[in-house]
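**Student:** Heads up: the sequence shown begins at 1 in my numbering, then just goes up one per residue.
To be clear, the hints were calculated from the coordinates, so they are not data collected in a lab. Hints are not guaranteed to be accurate.
Across the chosen pairs, the derived CB separations fall in these ranges [as the list claims (entries may be wrong)]:
1) Phe339 / Ile172: 26 to 32 Å
2) Gly220 / Ala167: 42 to 48 Å
3) Ala363 / Phe418: 16 to 22 Å
4) Ala91 / Asn243: 17 to 23 Å
5) Ala227 / Asn261: 38 to 44 Å
6) Ser206 / Ile246: 41 to 47 Å
7) Lys217 / Thr312: 42 to 48 Å
8) Leu331 / Leu72: 37 to 43 Å
9) Gly218 / Gly384: 37 to 43 Å
10) Ile246 / Leu414: 26 to 32 Å
11) Gly218 / Ala363: 36 to 42 Å
12) Lys385 / Lys306: 51 to 57 Å
Backbone N, C-alpha and C fix where the C-beta goes; we use that ideal spot for every residue, glycine too.
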Amino acid sequence: MKNLFILFITILSFNAQAQITSIFADEFPDSAKTRIGITAEYSLNSSAFTNQFISKFYKGSYIDTDQKNDILKRIRNTNQMGADLNFGIYAAFRLDSLFHKKNLSVFFSLRDREHFDARFSKDFYKVGFYGNAQFAGETANLNGFNFNLLRYQQLQLGLFSSKLDSAARWGIGISFLKAEQYMSVRAKKAELFTSEDGQYIDFNTSLEVLRSDTSHKGLGSFNGYGASVDIYFEAPFKSRFGNSKICLSVADIGLIRFNDNSLVLKQDSLFHYNGFTINSIYDLQDSTFKGTSQDSVISAIAPFKKQSFSVTLSATLNLNFETQFNRHFYLAEGIRSVFNANYKLLMYVKASVYFNKKFMLSATFAYGGYGHYNYGLGIFANLGKDFIIYAGSNNIEGYILPNKTTGQGAYISLIKNFK
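Kindly produce the complete structure, drawing on both the sequences and the hints.
**Tutor:** The following block contains the structure:
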């Protein structure tokens with residue numbers, strides 16, 4: 001029982017970052033025949049944990065009772081958090097003719113991607129940061145706990161068109177995926193009972209744990225393979241406010257198959273343990289557990305089986321309407337949903353102001369996702385000699401009020417056009 005309980009509490013301390021989807025190469029200017037670019041972006045958000053709290057926890061800094069109580073006020077019966085990290089390079093080439101069609105371009109990209117998401121109950125937080133003594137004679141509800149961590153590398157090839165039926169645009173990308181790391185914990189049932197005198201605990205659980213090969217780690221590891229598809233379409237139309245367009249994209253439709261050295265645990269049991277108490281999650285840093293690796297702790301819980309398995313990617317749907325009110329002002333409204341990722345529907349409004357052809361400033365307001373309210377700022381700048389930069393954050397509030405806000409993120413792309 002001891003090691004099984006440690007697994008659930010240590011999940012919060014795993015270092016996990018992940019992917020942000022970048023669907024297609026940016027549009028060409030009419031004069032460019034080739035475009036190359038590099039991009040880096042990350043995001044982190046939670047429905048409960050503040051940026052200051054996450055930073056302290058990640059660094060192992062002391063978190064006092066007032067700070068824990070402040071988070072407890074934010075905690076709901078069901079909570080979620082997620083993070084994405086993406087680095088990549090891409091290139092796109094305009095073709096004079098392909099399949100006897102003009103205005104077609106081919107592109108490729110190479111990316112390193114990570115994704116993390118989790119769902120947990122209020123009692124999970126209370127046991128993790130206050131201990132189980134408060135539940136003497138009661139049952140802590142840890143049901144529905146869910147944790148996913150995936151890192152992989154992506155090679156994508158695709159086509160996109162600039163003209164189809166009155167200048168509509170479409171694109172499709174097909175990717176080969178190399179799996180590096182994966183871990184998933186799904187607890188359909190997880191109930192922790194502590195006796196009134198604290199002499200024993202009962203842990204009733206039904207869970208599944210999946211892990212990639214733990215003997216092969218790092219960027220060079222090849223623990224599985226997969227494929228995915230991205231699809232994009234936009235169509236212009238006239239509205240009473242000005243030129244408008246509707247854009248629809250679906251990214252990461254695919255799966256990864258992990259090899260036969262992967263680990264699978266399926267457990268449906270009632271554990272009874274005498275004389276074991278965790279005062280807080282920081283007990284895991286006590287000398288009792290020093291020298292004990294994550295792998296040895298998890299392996300001691302129950303027998304893992306070496307077995308291959310498949311993982312469905314977290315597909316992203318994005319739909320928005322954009323209107324050009326005049327040559328300087330654009331407004332877009334949209335929704336974004338990420339499937340299989342503990343993600344809530346995100347609704348957003350984005351306003352863009354073009355001061356001239358070389359500089360644009362945008363502001364975004366959104367609600368949903370892994371957190372609640374999201375505020376973003378972004379810029380576009382033509383640096384001259386056909387160099388372009390995009391930079392910004394979809395959660396700028398995280399850097400302004402880290403002790404009050406739960407989201408943070410940043411992105412940057414540097415692009416070179418060749419005529």
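**Student:** Look at each hint and say if it fits the structure.
**Tutor:** Now the hints, each set against the structure:
1. Phe339 / Ile172: 26 to 32 Å: Taking Cβ atoms as reference, Phe339 and Ile172 lie about 19 Å apart, which means the hint is violated.
2. Gly220 / Ala167: 42 to 48 Å: 45 Å, holds
3. Ala363 / Phe418: 16 to 22 Å: For Ala363 and Phe418 the Cβ distance comes to about 32 Å; the hint is violated.
4. Ala91 / Asn243: 17 to 23 Å: 30 Å, violated
5. Ala227 / Asn261: 38 to 44 Å: 21 Å, violated
6. Ser206 / Ile246: 41 to 47 Å: For Ile246 against Ser206, whose Cβ atoms are near 44 Å apart, the range 41 to 47 Å holds.
7. Lys217 / Thr312: 42 to 48 Å: Cβ of Lys217 to Cβ of Thr312: about 23 Å, so the range 42 to 48 Å is violated.
8. Leu331 / Leu72: 37 to 43 Å: 39 Å, holds
9. Gly218 / Gly384: 37 to 43 Å: Hint holds: Cβ distance 40 Å, inside 37 to 43 Å.
10. Ile246 / Leu414: 26 to 32 Å: 29 Å, holds
11. Gly218 / Ala363: 36 to 42 Å: 40 Å, holds
12. Lys385 / Lys306: 51 to 57 Å: For Lys385 and Lys306 the Cβ distance comes to about 55 Å; the hint holds.
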